[in-house]
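Colleague: One letter stands for each residue in the lines below.
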Amino acid sequence: MAARIHGGAGAGAATALSTFNPKKLVAPSRTNLPAITRSKRYIVASGSDASNKSLRVRHSQKLIANAAVAVCLLSLILHELLLFEALQEGLEEEMDRDPHVCVMGEDVGHYGGSYKVTKGLADKFGDLRVLDTPICENAFTGMGIGAAMTGLRPVIEGMNMGFLLLAFNQISNNCGMLHYTSGGQFTIPVVIRGPGGVGRQLGAEHSQRLESYFQSIPGIQMVACSTPYNAKGLMKAAIRSENPVILFEHVLLYNLKEKIPDEEYICNLEEAEMVRPGEHITILTYSRMRYHVMQAAKTLVNKGYDPEVIDIRSLKPFDLYTIGNSVKKTHRVLIVEECMRTGGIGASLTAAINENFHDYLDAPVMCLSSQDVPTPYAGTLEEWTVVQPAQIVTAVEQLCQ
Amino acid sequence: MATAFSPTIPLHENRTSLPATRLVPPPPSSAFLGSTRSLPIRRLNHALAARRSPVVAVQEIVKEKKPTNSLLITKEEGLVLYEDMILGRSFEDMCAQMYYRGKMFGFVHLYNGQEAVSTGFIKLLTQSDSVVSTYRDHVHALSKGVSARAVMSELFGKVTGCCRGQGGSMHMFSKEHNVLGGFAFIGEGIPVATGAAFTSKYKREVLKQDCDDVTVAFFGDGTCNNGQFYECLNMAALYKLPIIFVVENNLWAIGMSHLRSTSDPEIWKKGPAFGMPGVHVDGMDVLKVREVAKEAVTRARRGEGPTLVECETYRFRGHSLADPDELRDAAEKAKYAARDPITALKKYLIENKLANEAELKSIEKKIDELVEEAVEFADASPQPGRSQLLENVFADPKGFGIGPDGRYRCEDPKFTEGTAQV
Numbered sequence: 001m002a003a004r005i006h007g008g009a010g011a012g013a014a015t016a017l018s019t020f021n022p023k024k025l026v027a028p029s030r031t032n033l034p035a036i037t038r039s040k041r042y043i044v045a046s047g048s049d050a051s052n053k054s055l056r057v058r059h060s061q062k063l064i065a066n067a068a069v070a071v072c073l074l075s076l077i078l079h080e081l082l083l084f085e086a087l088q089e090g091l092e093e094e095m096d097r098d099p100h101v102c103v104m105g106e107d108v109g110h111y112g113g114s115y116k117v118t119k120g121l122a123d124k125f126g127d128l129r130v131l132d133t134p135i136c137e138n139a140f141t142g143m144g145i146g147a148a149m150t151g152l153r154p155v156i157e158g159m160n161m162g163f164l165l166l167a168f169n170q171i172s173n174n175c176g177m178l179h180y181t182s183g184g185q186f187t188i189p190v191v192i193r194g195p196g197g198v199g200r201q202l203g204a205e206h207s208q209r210l211e212s213y214f215q216s217i218p219g220i221q222m223v224a225c226s227t228p229y230n231a232k233g234l235m236k237a238a239i240r241s242e243n244p245v246i247l248f249e250h251v252l253l254y255n256l257k258e259k260i261p262d263e264e265y266i267c268n269l270e271e272a273e274m275v276r277p278g279e280h281i282t283i284l285t286y287s288r289m290r291y292h293v294m295q296a297a298k299t300l301v302n303k304g305y306d307p308e309v310i311d312i313r314s315l316k317p318f319d320l321y322t323i324g325n326s327v328k329k330t331h332r333v334l335i336v337e338e339c340m341r342t343g344g345i346g347a348s349l350t351a352a353i354n355e356n357f358h359d360y361l362d363a364p365v366m367c368l369s370s371q372d373v374p375t376p377y378a379g380t381l382e383e384w385t386v387v388q389p390a391q392i393v394t395a396v397e398q399l400c401q
Numbered sequence: 001m002a003t004a005f006s007p008t009i010p011l012h013e014n015r016t017s018l019p020a021t022r023l024v025p026p027p028p029s030s031a032f033l034g035s036t037r038s039l040p041i042r043r044l045n046h047a048l049a050a051r052r053s054p055v056v057a058v059q060e061i062v063k064e065k066k067p068t069n070s071l072l073i074t075k076e077e078g079l080v081l082y083e084d085m086i087l088g089r090s091f092e093d094m095c096a097q098m099y100y101r102g103k104m105f106g107f108v109h110l111y112n113g114q115e116a117v118s119t120g121f122i123k124l125l126t127q128s129d130s131v132v133s134t135y136r137d138h139v140h141a142l143s144k145g146v147s148a149r150a151v152m153s154e155l156f157g158k159v160t161g162c163c164r165g166q167g168g169s170m171h172m173f174s175k176e177h178n179v180l181g182g183f184a185f186i187g188e189g190i191p192v193a194t195g196a197a198f199t200s201k202y203k204r205e206v207l208k209q210d211c212d213d214v215t216v217a218f219f220g221d222g223t224c225n226n227g228q229f230y231e232c233l234n235m236a237a238l239y240k241l242p243i244i245f246v247v248e249n250n251l252w253a254i255g256m257s258h259l260r261s262t263s264d265p266e267i268w269k270k271g272p273a274f275g276m277p278g279v280h281v282d283g284m285d286v287l288k289v290r291e292v293a294k295e296a297v298t299r300a301r302r303g304e305g306p307t308l309v310e311c312e313t314y315r316f317r318g319h320s321l322a323d324p325d326e327l328r329d330a331a332e333k334a335k336y337a338a339r340d341p342i343t344a345l346k347k348y349l350i351e352n353k354l355a356n357e358a359e360l361k362s363i364e365k366k367i368d369e370l371v372e373e374a375v376e377f378a379d380a381s382p383q384p385g386r387s388q389l390l391e392n393v394f395a396d397p398k399g400f401g402i403g404p405d406g407r408y409r410c411e412d413p414k415f416t417e418g419t420a421q422v
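Protein sequences, first through last, are from chains W and L.
Numbering (the UniProt record's numbering) for the first sequence: 1 to 401.
Numbering (the UniProt record's numbering) for the second sequence: 1 to 422.
Calculated from the structure, these hints are not laboratory results.
We treat Cβ as the ideally placed atom computed from N, Cα and C, and that holds for glycine.
Worth double-checking, as some hints may not be accurate.
[As the list claims (entries may be wrong)] Below are the BS3-like pairs computed for lysine-lysine, each with C-alpha atoms no more than 27 Å apart in a straight line:
| hint | chain 1 | residue 1 | chain 2 | residue 2 |
| --- | --- | --- | --- | --- |
| 1 | W | K119 | L | K208 |
| 2 | L | K203 | W | K119 |
| 3 | L | K414 | W | K328 |
| 4 | L | K414 | L | K75 |
| 5 | W | K124 | L | K203 |
| 6 | W | K116 | W | K328 |
| 7 | L | K365 | L | K346 |
| 8 | L | K240 | W | K119 |
| 9 | L | K347 | L | K333 |
| 10 | L | K346 | L | K123 |
| 11 | L | K347 | L | K366 |
| 12 | L | K208 | W | K124 |
| 13 | L | K158 | W | K124 |
| 14 | W | K328 | L | K398 |
| 15 | L | K203 | L | K175 |
[Said to hold, decoys possible] Here are the computed distance ranges between Cβ atoms for each label pair:
| hint | chain 1 | residue 1 | chain 2 | residue 2 | range |
| --- | --- | --- | --- | --- | --- |
| 16 | W | D96 | L | K75 | 31 to 39 Å |
| 17 | L | E205 | W | E205 | 31 to 39 Å |
| 18 | W | L381 | L | S128 | 55 to 63 Å |
| 19 | L | T343 | W | D96 | 41 to 49 Å |
| 20 | L | T416 | W | E355 | 19 to 27 Å |
| 21 | W | E205 | L | D396 | 54 to 62 Å |
Given the sequences, and given the hints that come with them, work out the whole structure.
Modeller: As structure tokens, then:
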């Protein structure tokens with residue numbers, strides 16, 4: 001079945017649908033909506049809270065009460081799963097589709113992956129296609145790159161993103177550069193993925209955010225997934241891409257539950273996702289901070305604000321179209337990220353917005369990032385290094401004065 | 001199936017204490033085996049050969065393989081080897097000239113003196129076998145079949161270079177001839193070579209294709225102290241990958257003597273530690289290298305796994321054209337210059353009546369003309385235009401993302417001009 005590419009809005013719709021009360025489905029199916037009505041009409045409930053009062057649909061005339069009729073109208077049949085299962089599904093589907101796709105990493109095979117993303121795959125595809133490597137990140141990342149140059153499509157897993165610091169040599173010098181230095185002769189269609197971000201008291205070294213270190217490497221793309229829907233879609237898109245893609249997952253998001261379509265789909269690697277349309281302020285975020293933002297959004301809505309929340313998803317390159325349209329509408333930007341203050345994704349995004357949309361801003365771009373502190377073990381300290389919803393609310397209030 | 005490798009006393013005695021200043025070269029053997037000595041036939045000890053980590057001396061292999069006529073090569077093979085080594089030498093000499101005339105820039109690392117290693121191994125490979133090298137890669141590319149024109153143009157930074165002028169001296173790539181680089185950092189290419197060998201095994205075992213491609217990874221003595229080397233020895237032996245690790249031990253890493261930087265300088269011994277044969281060979285002798293290479297390549301093709309081959313060789317020039325080469329002893333240089341692989345092969349061919357002076361001279365002339373023509377071609381070729389700047393950053397240029405106007409940046413007409421903001 002041909003895969004359907006869903007842009008940012010479509011993805012939001014699916015997420016909206018998944019957390020909807022099934023009796024309140026929106027009639028026009030996403031697949032046959034013309035592009036205009038499809039954009040920015042659907043709102044995602046924050047987190048897993050599907051309470052009716054947090055949901056608002058713009059064209060309320062189209063609500064259909066009868067669930068059975070609605071299901072028929074929708075061409076989507078959904079199934080519910082957790083984020084790590086969505087990643088696994090995406091990976092498995094791609095491995096079924098193309099025998100050149102293989103996985104390599106520590107404990108991906110017999111152990112099933114330290115976060116169970118590759119569970120069952122070694123039994124199905126064998127020990128060579130799902131390769132348990134020794135503990136040598138630099139070498140096995142390089143091995144994946146060499147395999148990619150000679151025809152395979154490896155998915156390289158870092159057990160924790162932080163471990164990929166050991167593979168920095170290969171990622172920077174070979175992954176990013178070889179297509180260019182070989183004059184375009186060799187492509188490197190690898191996917192480098194793994195969980196990163198601040199978890200629950202995992203300690204400084206297991207709580208790193210590598211997106212800021214990798215973002216300068218020319219020749220790679222970086223995406224961050226945040227929902228089961230976009231996790232599967234981005235995984236599939238990344239595997240199919242001819243470019244090397246680094247897919248950032250988050251340790252705390254693996255157990256998020258959502259209903260995703262049975263039908264095959266992929267997400268666009270370069271597009272951002274509209275999570276909640278609004279008028280007053282643009283909040284740009286990605287990965288786990290999306291949920292902190294949505295939690296803050298509830299409070300903000302109660303206080304009378306109307307924030308527009310965009311999950312940028314593509315950390316490199318930035319989707320300046322979606323972001324720009326939002327800035328032109330709201331004139332205020334708040335970036336909420338988990339990266340460090342210094343040299344993080346937020347810093348680059350601030351620069352990009354200032355450069356491109358300076359005339360549209362009514363206030364300076366504000367960026368909330370994690371503290372420039374090695375993540376402490378103690379729970380209280382850890383909480384203070386990361387941006388919390390209360391800070392987001394305060395920042396919005398400040399910006400909207 | 002047992003291989004010819006059998007555990008025997010290695011070429012060098014185990015030394016517990018080494019001379020303080022320099023590695024003592026092995027006792028000078030005659031230029032080529034089979035030319036002067038009559039060698040006893042040794043019975044293979046099959047039980048020992050079946051042991052997992054045999055250590056071998058090259059003399060044993062060559063003894064086993066000695067055919068009834070005592071020559072190791074035919075005339076055709078000899079001429080091919082000779083031509084390849086002459087090409088390597090002439091090309092590198094021309095590079096030096098061109099560098100000093102300001103036609104090429106940056107770091108240029110020349111291969112003079114080491115031709116036996118490149119020729120000895122690469123002339124046994126097919127087009128679909130892969131070669132991975134380091135920054136000293138011009139001759140590996142040439143031996144593998146990349147045209148002298150393409151390499152020279154690349155060095156001049158012209159559009160007609162093998163990498164469109166984007167790689168330079170240290171990044172020679174060829175998809176057609178399966179030259180997988182050209183790497184500036186030492187050790188970087190070894191994992192890539194391991195990956196290429198992995199693909200070969202994958203094709204055979206998962207994709208069920210008829211694939212017995214091998215990969216040869218060339219690197220130096222300095223690299224053998226680097227983690228990537230050991231990590232890859234482990235993985236290659238573990239997965240039984242069809243790869244040959246060739247150490248071009250020229251005793252010097254820029255100004256760092258191999259002895260001063262390595263706790264145990266005998267690199268071939270590190271192979272058995274990982275479960276693969278480790279072989280030491282005289283890298284100034286193309287026929288000896290070729291014999292070892294044959295065995296290693298056959299092993300790999302049969303699926304028996306990797307081999308570590310340490311070639312003792314020497315570079316006649318400095319580390320790069322920027323290296324004043326003041327640290328190396330004149331006596332050491334003279335000793336190895338006397339073992340010039342080209343002179344030795346010439347002597348062998350003539351002594352064994354495989355070729356005469358005239359034939360060899362005509363080869364030299366032909367190569368001279370080829371190299372001159374390569375320079376002319378490179379000189380006449382155009383420099384890359386601005387439009388090339390952004391072209392090969394991504395295989396899929398959508399990777400540059402979506403601009404503020406909603407279009408992909410690569411759709412911007414300025415993108416093809418190379419002036420777009422990305």
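Colleague: Can the restraint linking K124/W and K203/L be considered satisfied, given a maximum Cα separation of 27 Å?
Modeller: Holds, at roughly 18 Å.
Colleague: Against the range 55 to 63 Å, how does the distance between the Cβ atoms of L381/W and S128/L compare: consistent or not?
Modeller: Given a distance of about 57 Å, which is inside 55 to 63 Å, the answer is holds.
Colleague: Quick check: does the Cβ-Cβ distance between E205/L and E205/W fall within 31 to 39 Å?
Modeller: The hinted range 31 to 39 Å holds for E205/L and E205/W, with Cβ atoms some 37 Å apart.
Colleague: K414/L and K328/W were given as a pair; does the straight-line alpha-carbon distance stay at or below 27 Å?
Modeller: holds (25 Å)
Colleague: Is it true that the CA of K240/L sits at most 27 Å from the CA of K119/W?
Modeller: holds (25 Å)
Colleague: Hint check: K347/L vs K366/L, CA-CA at most 27 Å. Holds or violated?
Modeller: Measuring from Cα to Cα gives roughly 20 Å; hence the hint holds.
Colleague: Given the hint that K203/L pairs with K119/W, does the C-alpha gap stay at or below 27 Å?
Modeller: Measuring from Cα to Cα gives roughly 24 Å; hence the hint holds.
Colleague: Falls inside 19 to 27 Å, the C-beta gap from T416/L to E355/W?
Modeller: holds (23 Å)
Colleague: Run the distance test for K414/L versus K75/L: straight-line Cα separation, threshold 27 Å.
Modeller: violated (57 Å)
Colleague: Measure nothing beyond the straight line between the CA atoms of K328/W and K398/L; if it is 27 Å or shorter, mark the hint as holding.
Modeller: holds (24 Å)
Colleague: Is it true that the CA of K116/W sits at most 27 Å from the CA of K328/W?
Modeller: Measuring from Cα to Cα gives roughly 42 Å; hence the hint is violated.
Colleague: Using the Cβ atoms, figure out if D96/W sits within 31 to 39 Å of K75/L.
Modeller: violated (54 Å)
Hints 4, 6, 13, 16, 19, 21 from the earlier list are contradicted by this structure; the remaining hints agree with it.
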